[in-house]
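Enquirer: Can you make the complete structure from the sequences, with help from the hints?
There are 2 protein chains.
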Amino acid sequence: MSAMKWWGWGTEGVAFDHTDKPEFAPFISEHLGLDLSGTPAPAVAFEALDLPSARLDDGLRRALEAAVGAPHVSVDALERVTHARGKSIRDIYRHRTGDIGRVPDVVVHPGAESEVEAVLRAALDADAVVIPFGGGTSISGSLEPSAQETRTIVSVDLGRLNRVLAVDAPSRLARIEAGAYGPDLERQLNDQGWTLGHFPDSFTHSTLGGWIATRSSGMQSDRYGDMADLTRAVRVVTPAGVLATRPVPSQSTGPSVREMVLGSEGRLGIITEATVQVHRVPEQRRILGYLFASFTDGLAAMQEIAASEAAPSVTRISDAAETRFSFATRKASSPVDRVKSKALTAFLERRRGFDTDTMCLSFIGFEGSPSHVAEQRKAVGRIVGRHRGVCVGAGPGVLYDQKKFDTPYIRDFLLDHGALGDVSETSAPWSLLPAVYADATAAARRAFADVGVRGYVMCHLSHSYHGGACLYFTFAFRPSGARSPMDEYDVIKAAVQQAFVDAGATLSHHHAVGVEHAQWLEQDISAPAVGMLRSLFAGVDPGGNLNPGKIV
Amino acid sequence: MSAMKWWGWGTEGVAFDHTDKPEFAPFISEHLGLDLSGTPAPAVAFEALDLPSARLDDGLRRALEAAVGAPHVSVDALERVTHARGKSIRDIYRHRTGDIGRVPDVVVHPGAESEVEAVLRAALDADAVVIPFGGGTSISGSLEPSAQETRTIVSVDLGRLNRVLAVDAPSRLARIEAGAYGPDLERQLNDQGWTLGHFPDSFTHSTLGGWIATRSSGMQSDRYGDMADLTRAVRVVTPAGVLATRPVPSQSTGPSVREMVLGSEGRLGIITEATVQVHRVPEQRRILGYLFASFTDGLAAMQEIAASEAAPSVTRISDAAETRFSFATRKASSPVDRVKSKALTAFLERRRGFDTDTMCLSFIGFEGSPSHVAEQRKAVGRIVGRHRGVCVGAGPGVLYDQKKFDTPYIRDFLLDHGALGDVSETSAPWSLLPAVYADATAAARRAFADVGVRGYVMCHLSHSYHGGACLYFTFAFRPSGARSPMDEYDVIKAAVQQAFVDAGATLSHHHAVGVEHAQWLEQDISAPAVGMLRSLFAGVDPGGNLNPGKIV
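So the protein sequences, as listed, match chains U and C. Taking our numbering, the leading residue of the first sequence gets 1, the next gets one more, and so forth. Taking our numbering, the leading residue of the second sequence gets 553, the next gets one more, and so forth.
Since the hints were derived computationally from the structure, they do not count as laboratory data. Note that the Cβ used here is the ideal one computed from N, Cα and C, for glycine as well. Keep in mind that a hint or two might mislead.
What the hints assert, rightly or not - Only pairs whose alpha carbons sit at most 20 Å apart, straight line, appear in this in silico EDC-like list of lysine to aspartate or glutamate:
{"#": "1", "chain 1": "U", "residue 1": "Lys331", "chain 2": "U", "residue 2": "Asp20"}
{"#": "2", "chain 1": "U", "residue 1": "Lys378", "chain 2": "U", "residue 2": "Glu309"}
{"#": "3", "chain 1": "U", "residue 1": "Lys5", "chain 2": "U", "residue 2": "Glu47"}
{"#": "4", "chain 1": "C", "residue 1": "Lys573", "chain 2": "C", "residue 2": "Asp909"}
{"#": "5", "chain 1": "U", "residue 1": "Lys378", "chain 2": "U", "residue 2": "Asp229"}
{"#": "6", "chain 1": "C", "residue 1": "Lys930", "chain 2": "U", "residue 2": "Asp20"}
{"#": "7", "chain 1": "C", "residue 1": "Lys930", "chain 2": "U", "residue 2": "Glu375"}
{"#": "8", "chain 1": "U", "residue 1": "Lys378", "chain 2": "C", "residue 2": "Asp651"}
{"#": "9", "chain 1": "C", "residue 1": "Lys573", "chain 2": "C", "residue 2": "Glu861"}
{"#": "10", "chain 1": "U", "residue 1": "Lys378", "chain 2": "U", "residue 2": "Asp297"}
{"#": "11", "chain 1": "U", "residue 1": "Lys331", "chain 2": "U", "residue 2": "Asp401"}
{"#": "12", "chain 1": "U", "residue 1": "Lys378", "chain 2": "C", "residue 2": "Glu861"}
Claimed, not checked - Restraint-style ranges between C-beta atoms, simulated for each label pair:
{"#": "13", "chain 1": "C", "residue 1": "Asp1054", "chain 2": "U", "residue 2": "Gly193", "range": "29 to 37 Å"}
{"#": "14", "chain 1": "U", "residue 1": "Lys21", "chain 2": "C", "residue 2": "Thr848", "range": "53 to 61 Å"}
{"#": "15", "chain 1": "U", "residue 1": "Arg62", "chain 2": "C", "residue 2": "Ala1090", "range": "50 to 58 Å"}
{"#": "16", "chain 1": "C", "residue 1": "Arg997", "chain 2": "U", "residue 2": "Gly193", "range": "37 to 45 Å"}
{"#": "17", "chain 1": "U", "residue 1": "Ser369", "chain 2": "C", "residue 2": "Ser921", "range": "14 to 22 Å"}
{"#": "18", "chain 1": "U", "residue 1": "Gly393", "chain 2": "C", "residue 2": "Lys894", "range": "54 to 62 Å"}
{"#": "19", "chain 1": "U", "residue 1": "Asp490", "chain 2": "C", "residue 2": "Gln836", "range": "32 to 40 Å"}
{"#": "20", "chain 1": "C", "residue 1": "Ser921", "chain 2": "U", "residue 2": "Arg187", "range": "38 to 46 Å"}
{"#": "21", "chain 1": "C", "residue 1": "Asp1054", "chain 2": "U", "residue 2": "Ser369", "range": "34 to 42 Å"}
{"#": "22", "chain 1": "C", "residue 1": "Gln836", "chain 2": "U", "residue 2": "Arg187", "range": "38 to 46 Å"}
{"#": "23", "chain 1": "C", "residue 1": "Ser921", "chain 2": "U", "residue 2": "Ala41", "range": "56 to 64 Å"}
{"#": "24", "chain 1": "U", "residue 1": "Asp490", "chain 2": "C", "residue 2": "Ser698", "range": "35 to 43 Å"}
{"#": "25", "chain 1": "C", "residue 1": "Ser893", "chain 2": "U", "residue 2": "Ser369", "range": "45 to 53 Å"}
{"#": "26", "chain 1": "C", "residue 1": "Ala1079", "chain 2": "U", "residue 2": "Gly193", "range": "32 to 40 Å"}
Said to hold, decoys possible - Just a sample of chain C residues kept apart from chain U, beta carbon distances all over 12 Å, derived:
{"#": "27", "residue": "Ala629"}
{"#": "28", "residue": "Asp781"}
{"#": "29", "residue": "Phe965"}
Expert: This is how it looks when you write it as C-alpha cells:
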C-alpha cells in the first residue's frame, strides 16, 4: 500500500470526478455556495513539508533492526509522514496544509508475531512510544502522536502480516494475520469459497487488526455481525507477553478479555492475529432499492423488519437530504435514472401521494439460497408495503454496490475546492431514533448558523439490530473565512456529537474514540466506566508507552 | 425465597422421587453400585451446626441499618448459613455434613439502588468484605468467603430489587432490577406479552443479576442468545459510584465495559439493574424428539443445522450414556415410551440399522409463526435425515420441557444415598468437539479407575453456535470410602476440566470461574489475559473488598 496518499484518502491517482455527473455541480453550488468551476487548491508539495528529524538513538535503532531486519526499519520522510495520522478531516486538512505535527520517528514493518514481540521489547526497553498502524484510515485520531511527546515514537506497520493462515472448514473459522487488508483477505478467503462478509466504507484501505482495534462495522453487518461478533479469538503482543484467547463460541471465564481487546486502539498491545467467523460465499446476493414517502416511514419499516422473522443482509434508508444528494451524484445515464423517471415520478406522486423532492431512498439486501432470498424478499416486501414503500428494483442496488467504496474520495474533492465534509455516526434504541435524528440534524443546522456558514447535513440508517439501529450523519460546509476552518469544524462536529449523547445515543457506533470523541466518553458510558478503562490501561502499560492519550 | 434449602438444591419440601420410575433404581444399582432401598442419610440438623458468632461491630451495624432500614439487616443464623455458599456439590456436601466454613457475618436486603450505594459505602468505610447474592445457585464457588477472611463479611441479597421497571416496546428492551428471579421476571414480562427467553437449569432459583455476573446460558439461547447477548446495558454500584451504560445496540467506545461487568462475579461492584432484549411470546413453540444411531451422527447433524439457513430455538443431543439415563428416569407410562416401543425399536433396528442400546436422543426446538415453524421443521428434518436421524414426535419434547428444571434435585437424592454427582461444561469449535468429547469422557473414566470408584459419565450438546457448540458433561460416582469423598471428587472433576483445556476447549461455557475453575484460567485465556483481569480488579477495588479471591 505504498501508493497511499500522504495528504488524503486512498490511492495516489484515484480521485472523485464529477464531470460525468451533471447534477453534482449545481447541487454543490446550491447547498454549499461552492463554485466547482474554480481552480482546485491542491495539497502543499511534499518537499515543502518541514519534517522534524527523527529522534532515534543508535541503541534503539539497532534493537529494532535486530527485531525485524534492517530493510524493515525506515526513517524515510514519506513513510514517516504517511504514518503520522489517520484520515479524519482534521488529519487530512492539517496534512494538506503542511501542518504535519509530531510525526513518528521510525516506522518498522515486522514480518512475524515474534518480530512484533521483539519490537515491543526494544521499544519498552528504550521507553519509546509504540503506535500500531494497520491501514491508517482512522477518522477518530487514533493514530496521532501527542504533539508534546518527547519520547521516541515507533510506528509499527502490520502490513507484512497479511496472510489467511488457516480455515477450519467444519467450524467456519479462519485464522488471519492482523495486517491483512480487506481486498487481500477477501481474495484469499474467496479462493477457498469463503467470505468474512466485513465491508466497511474503508474496506479497500483498512486491515483486520484495525477493524478489531476500533470495533468496526461493515455494510453487511446486519447479516454477518460487527467485528465484535465476527472476532472469536485474538492474539495480542502485550508488555506481559502474547495474550492468546481461544476460538470457542462462548465462554464464561470472567470479564471478556476478547471484548477488552476489541476497541483497544493499541492501548493494550499490538494485535497480530485473529480467528474470525467466515461464511460460504452466498449462492445469491441481491440488493434492492425501495422508496419511502418519508424518513419516518422508512425508519418504521426498518424497525418492523428487525422485529420480523426476516433477516436481510443490508438495511439502509437515507433521509430526504441524502436521497437528493444520491440523485445529484448519478451519472448522465445510470440505473438510478429509473428512480426519477417521469413515469415513476408520476406514479409516486399521483398514486402514492409522494412528494418526490422529500422521498427517501432505501437499500435492502438479501443473501443465501435462491429460495431463502425469495422468501425474505417477500416477507420484507409485505412490511415495506405497509409503510407506503415502493420497490424500485435491483438497478440502484447494483450501482450502490459498485460505488460504495468511492464515497471517501468526495471529501478530498471538496477540500480541493475549499469545503469541509465529515461524518458522525451513532446508535440508539428504536424508540429514541426519531429524536436522535431530529436533534442531531437541528444541532448541525444551528451550528452552521452560529458560525455563519453554508452547510448541508444528511443521514442514513446503516444497520439494524434487535433493539435499535445506527444512524450515520454526513455534514459539509464552506468555511466562512472569518476564522480558522478547523475552529468552525469543531463547533459543528461538537454540536452533532453533543446532540447524540444528550439524546441518549452513543458517541460512536463504529468509528471508535481516539482523541476526537474522548471528551464525550464519560457522558456516554459514565465516569466509573471510564475509570475502569483507566485502571485497565494503567495496569497493562504502567509506563504509558502504548499509544498514549487515546480513548481516555 | 426464604424457603430455599440451606443444605441442598431448591425449595424445602421438594425432592426427586424415583418410586414412579421403575427403571431408575436398577440403573443406579448397575452403574453406581448403589442400593436405593437403603435408608437415606439426610443432612445434619440445622441446630447441630457450629455457627461462629457474627463479627459485626456497632458502627457498621448502625451504618447498614441506616442504609437499608433495621428490618433488612439480619444476623439470623439460618439467613447467614443460607447465604454462605452456592450450590456446587462441594458447597452442598460440606453444608449437609455440618462443615459450614466462614459464613457471612451479616445479610442485608437493600430495596433500592441508592440503598445498595449506601451499603457499599458503609462496608468500604469499615473495610468489610462485600459479597453480592442473587439466587445463590452458583456451582463454581462464586459466593463462598475465604476461610481465612478476618474482615467482616457482608452478604448483599438483591432479592427485594425484583421489578420489571419498564418495557420499551418499539425497541424490544426491558429495564429489570437485578434481584428478580426467573419465574418472577418472566411472569411480569408475560403479563405484557413479552419474554426474556432465558431458561437456565437454575431458572426457578436464580436471578437476572446472577445470570449477568456469571455469563449464564439458557435452554433456548440458540434463539435468544446468552446473557452476554441479551444484556444491552447495566447499572452497577461500584466504589467510584454508579456505573451506567446505555442500552444502545452496538457501540465503539473502547474496550466494552458492559462485557467487563458480564462475568464479573461481584469483583467490580453490585449489579442493580439491566436493560435486556425481550421478544414477543412466540405464537407457536415446538420441541421435537429425534433419535440418532450415534453421537457422532448427532453432532454432525447439529453442525450442519448451524451452518444452514434454519435457526432452531433448541439444539440438543445426548450421547448414548445420557440417553440411557433419560430412559431410566421415565415414569411407568410416559410419552418417552413411544421412543422405546417395540414397534419403533423394531423399525430402528431392522430398517435403520440402529443399535437401540447406543442410540442417542435429541431435542430440537422451533419457535415463531406457524409458517416459520413449519418451514424450519422441514429444513431441519432434511438435515436430520441425511445423518440417519429419525423424528419421534412431540411427546418426548413436552416431557423434557416439563421436567427440565427438576434435574438438580437428583443430586441431593444421590447424596442422601451416598453418591456424588456433578456437571462440567465447555465449548469448543465444531472441529474439536469429537476429540473434546472423547477426551473428557475418557478422563472421567480413567479418574474413576484411579480413585477406585464406580462412576458414570454422560454428555449432551446443549447449544449450537456458528463456529462450535457447548458440551455439557454430568458425572456421578459412589465414593470408595477409603478417603474423603471430596478428595475423590477433586481428582475426577480436575481430570475432566484438564481434559477440556488440553483439548483446546474452554474451562466453562456458562458456569463461571468462581474458585472451582480458577486454576485453569491461565491455561484457557493465557497469562497476560489473567494479568489484565487482575489489573482491572485491583484498579476498581484496591482494598480487595469486593468478593475477593474469585476468578483470579
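Enquirer: Next step is simple, just say for each hint if it's right about the structure.
Expert: Evaluated hints:
1. U:Lys331 <-> U:Asp20: 6 Å, holds
2. U:Lys378 <-> U:Glu309: Holds: Lys378 (chain U) and Glu309 (chain U) sit about 12 Å apart, inside 20 Å.
3. U:Lys5 <-> U:Glu47: Cα-Cα ~14 Å, so holds.
4. C:Lys573 <-> C:Asp909: 19 Å, holds
5. U:Lys378 <-> U:Asp229: Violated, at roughly 28 Å.
6. C:Lys930 <-> U:Asp20: 51 Å, violated
7. C:Lys930 <-> U:Glu375: 15 Å, holds
8. U:Lys378 <-> C:Asp651: Given that 20 Å is the threshold and the Cα spacing comes to 64 Å, the pair is violated.
9. C:Lys573 <-> C:Glu861: 40 Å, violated
10. U:Lys378 <-> U:Asp297: 19 Å, holds
11. U:Lys331 <-> U:Asp401: Roughly 15 Å between the alpha carbons, so the hint for Lys331 (chain U) and Asp401 (chain U) holds.
12. U:Lys378 <-> C:Glu861: 16 Å, holds
13. C:Asp1054 <-> U:Gly193: 29 to 37 Å: 32 Å, holds
14. U:Lys21 <-> C:Thr848: 53 to 61 Å: Check passed, 60 Å falls within 53 to 61 Å.
15. U:Arg62 <-> C:Ala1090: 50 to 58 Å: The hint (50 to 58 Å, Cβ to Cβ) is violated, given that Arg62 (chain U) and Ala1090 (chain C) are roughly 36 Å apart.
16. C:Arg997 <-> U:Gly193: 37 to 45 Å: 40 Å, holds
17. U:Ser369 <-> C:Ser921: 14 to 22 Å: At 20 Å between Cβs, range holds.
18. U:Gly393 <-> C:Lys894: 54 to 62 Å: 60 Å, holds
19. U:Asp490 <-> C:Gln836: 32 to 40 Å: 55 Å, violated
20. C:Ser921 <-> U:Arg187: 38 to 46 Å: 40 Å, holds
21. C:Asp1054 <-> U:Ser369: 34 to 42 Å: 39 Å, holds
22. C:Gln836 <-> U:Arg187: 38 to 46 Å: Roughly 44 Å apart at Cβ, these two residues keep to the hinted range, so it holds.
23. C:Ser921 <-> U:Ala41: 56 to 64 Å: 59 Å, holds
24. U:Asp490 <-> C:Ser698: 35 to 43 Å: The hint (35 to 43 Å, Cβ to Cβ) is violated, given that Asp490 (chain U) and Ser698 (chain C) are roughly 52 Å apart.
25. C:Ser893 <-> U:Ser369: 45 to 53 Å: Taking Cβ atoms as reference, Ser893 (chain C) and Ser369 (chain U) lie about 37 Å apart, which means the hint is violated.
26. C:Ala1079 <-> U:Gly193: 32 to 40 Å: Once the Cβ atoms are compared, 37 Å apart, the range 32 to 40 Å for Gly193 (chain U) and Ala1079 (chain C) holds.
27. Ala629: With a cut-off of 12 Å, Ala629 (chain C) remains clear of chain U, as the shortest Cβ separation is near 33 Å.
28. Asp781: 9 Å, violated
29. Phe965: 27 Å, holds
The structure is inconsistent with the numbered hints 5, 6, 8, 9, 15, 19, 24, 25 and 28, although it conforms to all the rest.
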